[in-house]
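Protein chains in written order, with UniProt numbering: chain A, 1 to 448; chain B, 1 to 448; chain C, 1 to 448; chain D, 1 to 448.
Certain hints may be false.
Which copy is meant is left open, so a pair is good if it fits within one copy or across any two.
Under the rule of at most 27 angstroms between Cα atoms (straight-line distance), these lysine-lysine pairs were calculated in the DSS-like manner [said to hold, decoys possible]:
1) Lys254 x Lys287
2) Lys347 x Lys142
3) Lys230 x Lys369
4) Lys369 x Lys12
5) Lys230 x Lys287
6) Lys369 x Lys347
7) Lys57 x Lys142
8) Lys57 x Lys287
9) Lys57 x Lys254
Rather than coming from a laboratory, the hints here were simulated on the basis of the structure.
Please read these numbers as outputs of a predicted model, since none were measured by experiment.
Number of protein chains: 4
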Amino acid sequence: MDSGATGNVNEKIYGRIIEEAELLEPELIRIRRDLHRYPELGWMEMRTSSIIASYLKECGCDQVLTGRQVCREESRMGLPSEEELERHYQEAAFREGADQAYLPDTRGGFTGVIGILRCGEGPVVAFRFDIDALPILECEEKSHYPTREGFASRVPGVMHACGHDGHTAVGLGTAKILCGMREQLHGTVKFIFQPAEEGVRGAKSIVDQGHLDGVDYVLGSHMGGDPEQKTAAIGVGNGESMATVKYDVEFHGKGAHAAAAPEDGRNAMLAMATAVLNLHAIPRNSKGDTRVNVGRVTAGSGRNVICDHAHMELEVRGMSEEANAFMDAYAERVIRAAAQMHGCSCKIRLMGAAKNSLNDAALSERLVKVCAEKLCLPVERPEKGGAGGSEDYSYLCERVQRQGGESCYFMNLSACSARIHSERFDFREEALTNGVKAFCGIAVELLR
Amino acid sequence: MDSGATGNVNEKIYGRIIEEAELLEPELIRIRRDLHRYPELGWMEMRTSSIIASYLKECGCDQVLTGRQVCREESRMGLPSEEELERHYQEAAFREGADQAYLPDTRGGFTGVIGILRCGEGPVVAFRFDIDALPILECEEKSHYPTREGFASRVPGVMHACGHDGHTAVGLGTAKILCGMREQLHGTVKFIFQPAEEGVRGAKSIVDQGHLDGVDYVLGSHMGGDPEQKTAAIGVGNGESMATVKYDVEFHGKGAHAAAAPEDGRNAMLAMATAVLNLHAIPRNSKGDTRVNVGRVTAGSGRNVICDHAHMELEVRGMSEEANAFMDAYAERVIRAAAQMHGCSCKIRLMGAAKNSLNDAALSERLVKVCAEKLCLPVERPEKGGAGGSEDYSYLCERVQRQGGESCYFMNLSACSARIHSERFDFREEALTNGVKAFCGIAVELLR
Amino acid sequence: MDSGATGNVNEKIYGRIIEEAELLEPELIRIRRDLHRYPELGWMEMRTSSIIASYLKECGCDQVLTGRQVCREESRMGLPSEEELERHYQEAAFREGADQAYLPDTRGGFTGVIGILRCGEGPVVAFRFDIDALPILECEEKSHYPTREGFASRVPGVMHACGHDGHTAVGLGTAKILCGMREQLHGTVKFIFQPAEEGVRGAKSIVDQGHLDGVDYVLGSHMGGDPEQKTAAIGVGNGESMATVKYDVEFHGKGAHAAAAPEDGRNAMLAMATAVLNLHAIPRNSKGDTRVNVGRVTAGSGRNVICDHAHMELEVRGMSEEANAFMDAYAERVIRAAAQMHGCSCKIRLMGAAKNSLNDAALSERLVKVCAEKLCLPVERPEKGGAGGSEDYSYLCERVQRQGGESCYFMNLSACSARIHSERFDFREEALTNGVKAFCGIAVELLR
Amino acid sequence: MDSGATGNVNEKIYGRIIEEAELLEPELIRIRRDLHRYPELGWMEMRTSSIIASYLKECGCDQVLTGRQVCREESRMGLPSEEELERHYQEAAFREGADQAYLPDTRGGFTGVIGILRCGEGPVVAFRFDIDALPILECEEKSHYPTREGFASRVPGVMHACGHDGHTAVGLGTAKILCGMREQLHGTVKFIFQPAEEGVRGAKSIVDQGHLDGVDYVLGSHMGGDPEQKTAAIGVGNGESMATVKYDVEFHGKGAHAAAAPEDGRNAMLAMATAVLNLHAIPRNSKGDTRVNVGRVTAGSGRNVICDHAHMELEVRGMSEEANAFMDAYAERVIRAAAQMHGCSCKIRLMGAAKNSLNDAALSERLVKVCAEKLCLPVERPEKGGAGGSEDYSYLCERVQRQGGESCYFMNLSACSARIHSERFDFREEALTNGVKAFCGIAVELLR
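Full structure from sequences and hints, please.
Below is the structure:
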């Protein structure tokens, strides 16, 4: 009966995780703040990716995938224009701290990095960390912690307002510690640093590249927590999230003088307005809650010209695959018919997509047990909790579950200063070590 | 130089017209009141047609066309159902006064009569008189002349509220007098008693049957006049009328429980509402004034059932053929796209149509001259005046003008008690003889 | 320790319930078929009410409330017109079988009956049975059981397609048995036969009359079950139902000739169409699933007349009180603004309403235990199950729960031939005795 | 009898006009090309106004009004923001050629100039010349005459694409010649150089300032002509133009996360779409042709945010004052109701307005006669012709006609290279002398 012995060894290894994670805290904070200073939008995380790749190499990952190896080229959704990508590459990516060795790999929007740690026979575990920022101008008031501490964004109008700087730091810390205890692990760990999570654009291209094939367990995490959150904690809910599809639509009509010859036009304004109303009027669904939103429209050139072009940005969501597919198909039908009704043509461009996700109870329970019992981390069990809204982590989840594996998406809770996507968002930096402990702990649990 | 002599002869013949028309007044009033008592809706003018045919025969017309000879079967628009036609045939058509000899010809909606008077070589002149009534409940107050005099409609909900009883009486009186002076005429006169003018449904089928082929002159007339109209008069304007198309539309969707499974439905209500708004939003037209109206809708079966069927009655109009065709094509596109948008099918049924019309100045001037100088009739020259709205007389007009002939549509003015299509509409009976004089006069002018 | 003894006594009493219910089966079937033959719409259950009252009297209820005693006059929603009520009273209510003694009480739409059985000190229990039928033409094919057996509806276009004939029979059977064992009960039983459940119109007026004041337990039940339902059973779920509000809306505009003076109209058609689209576009709600449906519209009089009046029937629903109130307020705002937009006035008439409901777990468990252990009834525990859609039983539920009482709405399952509200709906008659057993059993459980 | 003598004198004076205008041609071309190089948008014609004022002074006008004297401050519609006005003043207005003496008067959008020539007793005649340019990028191909000849716009995105550079040159040439023959004139001539005609924003403020009070005759002119126009000519039609009102609308709602809490938003997108459809569905009008166009919309900030703000630019027009007022009032009602429907507020800002206009036949005939008989100019009489579309000249016309004076708006025809408002528009420069001749000729005709 050596279970006791194993128990002992395990106790020791969890103790080591705790100790190393706490020693690593200053470095985690340094990494996080550096990334916070230089946020980069989706598909333009060029400096970020170069830093990640360099760090993973140094940690001793057996393999570090960059550039075209990471995301399948044609599966990348919502890509900026070539001009934007190149401009960013030339200007922003060469900012201080970028690693010139890895930078060229990212040119043209090939961001994201995957580090692989191979420890012989055993299960394959994937951890996903998202790395992109948001088009938000960071709060400049001293009451905002990053501003007060001098690490607020130096890029006007771009901000890590969703905590992905923290996610990246947690991922790098986790890689460092696990690489250092590789002799105690049996199996493989993939550290997936995913680009373009905002707008749910990046995950599909990683899955399509095959990186989740053969993965047995996948985990992801998100910073969060009300301002009233008393103590930093790991939150494990059901990980439920809505499937979604995001479109950009162009209606092309024909201009004409609105007084002299209105009948000569093909009015893209009427097509757009008809589409907007009817999209919002798509029936509710008994098979799962749904959403639809036309969030942005620009149409027409001048007051006295029949509108010849309208641009529309929308999304639909569904709490079940079926409900989301219903919205998707109905929305396309509405848009095409609205165009046709007014003699216009239309182009529908897919800009992002995510699937439904749900945690596997078994993996969730193991995570809870490790955190609570082995790592002495406070654990909360929110009724729902998890991805919330839509998350393209769901693509990874779906692929792994489909091949019989398990998934868990958990919350890294601390007293955040504002809602995510707010110009005042900030998490508590103690969450960084908590995150590292949790990921390292579950790795040991799964691969010991 | 026998122009003087001809002048004399002509003076005499016009004098005779005046005299005979005035002698005929009691009979005209009797005929008109009889028809007013028993109004019949379009394609169901069965009793009316039998009386007309019998009268024309008696007058001495060379040929009296009835039944299938008059209207081309497949060109009849907006036909009532077979049940309605048969029910009317069985019940109403056999009312007192119907001529049993001619009644059978009308069964199945083959109403309308054409009398032909052949007087040798010469031009062919067609006069058009419309004979149908409206689905209106006649005013029962004593202040309404027909009620006071006891000749108000005996058919609840059906009324001669557009003066077609008068038109018919004028037509019969004209036929009687002209038949009596056939030896002074040189050419042919066609007395066309047209069914189903309301809803502009009947004229096309008469034209399609070929009755206007070879006609050199065509004239029609309408009762009218404000209550302030001082004296009964002939009004000759430009005869302008709008082209129009009338549709009935059925949207077919699929019902479903509105709470339990709204996504299972295909919502014909949304298709209908989208069509209504977008039909009214069809662009205005610089090539001619236009109109559109969805006048009636019935949709759905119950509050908590997704609507599976919607019925819509609409019309479009245009002051030019081009503008009307623009409306027609655009409306069809809107309807089909609205159906498709919500997964419904749709059926569009043509219920009526008319063309633009415009009087020929030459014929108008001859009419004015005859009325004013030969018949001592007061003549008014309204700026526009004529068909007004839409009139399927326009089909006759268009065919005759296309083959090089001339058309004139004039007003038979008297102090009417209310707007046409009002439950209180009534014209002054002195207009009956005026109408007979004008038609006889222009016949002589054209065929002497 | 006399629990054993009580146990014994109880065993006996349950055995007696089983026995009596089974003996009663032919009578239950007879009652049900009689009601099925003569279905009556909401507020017109005059014959039905007279039969119920007579039967309850005969059973020995201490009090039988009828007419104005049952429903609060001004709280009755969706009442037919006075003409319809009177016509039905004169014609239909006097059909064979009606009890002339009680009939006059129902005149003017005062239907519904409450029987009260008083058995001394103890809790007050209310059972609710709904009694109205639907405006559906019953299937005339022999494959439809009621048709084959000769008890299909004899009233064209009216049908018990929701099983309320069965509900009523179960209620009467329950009253008969419980009245017969009154000496073993301690407390009060109210047998509430509610009118106008369809359209959720009747319950509020019973609650407003105070009949649920002081009630400790309330139960209701509904016939149901897929065609594949293997065996008749009692189904106890969570009893969840959606709150709802039903409206009739009248838009009043102004007619005008659509070609001659469209600008003189105030177009109620455009107001209606705008309302329809925008009602269906009311945002979804994160606080509870919602529904909206405009199920019926009639608008306008003629194709060429600007529509002067539109009638619209709609409903909104919400899975939470908050979500339903959101829909209610938004819908009213949409309707009023749509009217105003096109210069129309509007009238909104409340036609029905229900609240959310949810079973009390304690009462549900007691019911399950009694059915399964004492009455040998098969019991199913569907995940949701219960009212489904919306039920105005929710008014009774809410009142009782608000005063600290408990509610349970359960399903009386059997292999039904079609969905409820279908022209082919029929339940299996063995469900009748099952229902009687369940109601009698829970009464004994609560009042022994 | 000195009519002969006067005739002679007149013949001489017309001959002098012809001669001087032709001598002036190179200067007219120089002025026109200078203005064409430096086009300025409405209310920012600062360099332009300074040049006009300086020239008029030099010509010898008795009075030159500039700055706040010209346009009533609070009547200026569609004014750019203060920032834009100041930026233009600082940068663009100081471009080469600007007259520093007059420039300061224009600061803050006080552009426009009026020159007054007083020649004793006699009628008051006003000539109106509009001076602003359009936000259009001028064609850069050599096939475009101004580009080939090197006088294309040097201001990217701003272009004299409506010929106002020519109008201004004609006005200055006319002033120069008439000032030189002041001793032969009897009365007063006002040379009104109006800002901000595009968008019909400037005329009202000139009228409101009182400059048209007491004016007996007013004339204006516009460059025009098909590419096929054979010879440069003066075109005198009926001067008919549509009344119009232009609005900018802001809908203010409230943002919310489109998935997490859609019910918390107040959706300005739905308000906008409802307004667009219903604006285009405003009924047609029997009292005059109408127009409506929502030409530009921008709404919302992000795909997954309920839209909190929508901006809409629209215009309505009417061929009669009544029809235009109907559109104006209906449009405002639609916009306000659409906002209210979705819980939004709205602001409607008047951006421009014009009235109907119609030439006085008497003045038109005098102009035709002078051009044809005295000035040897080719004259065309188009059936309609004149302002076309909408023109705020109509404000001047209406004021003068209201006080009993006469108005004539005529076309200065030549073979234009493209439609007005096209990036390829250009008139033939021979039209410049034609315009000068016509204005000088009618001045002599009216004031001799």
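Verification of the supplied hints:
Within a single copy, Lys254 and Lys287 get their C-alpha atoms only as close as 41 angstroms, which misses the 27 angstroms cut-off; across copies the closest is 18 angstroms, which meets it. Taking identical chains as interchangeable, the C-alpha atoms of Lys347 and Lys142 are never at most 27 angstroms apart, the minima being 45 angstroms within one chain and 34 angstroms between chains. Taking the shortest Cα distances, Lys230 and Lys369 sit within 27 angstroms of each other inside one copy (21 angstroms), while across copies they are farther apart (43 angstroms). Within a single copy, Lys369 and Lys12 get their C-alpha atoms as close as 16 angstroms, which meets the 27 angstroms cut-off; across copies the closest is 51 angstroms, which misses it.
Taking CA atoms no more than 27 angstroms apart as the test, Lys230 paired with Lys287 passes between copies only; the shortest distance there is 25 angstroms, against 37 angstroms inside one copy. Proximity of Lys369 to Lys347 under the C-alpha cut-off of 27 angstroms is found in neither arrangement, the shortest distances being 50 angstroms within a copy and 58 angstroms between copies. Proximity of Lys57 to Lys142 under the C-alpha cut-off of 27 angstroms is found in neither arrangement, the shortest distances being 37 angstroms within a copy and 59 angstroms between copies. Within a single copy, Lys57 and Lys287 get their C-alpha atoms no closer than 47 angstroms, and across copies no closer than 47 angstroms, so neither meets the 27 angstroms cut-off.
In the homo-oligomer, the alpha carbons of Lys57 and Lys254 never lie at most 27 angstroms apart, since the shortest distance is 55 angstroms inside one protomer and 47 angstroms across protomers.
Going through the hint list in order, the structure does not satisfy hints 2, 6, 7, 8 and 9.
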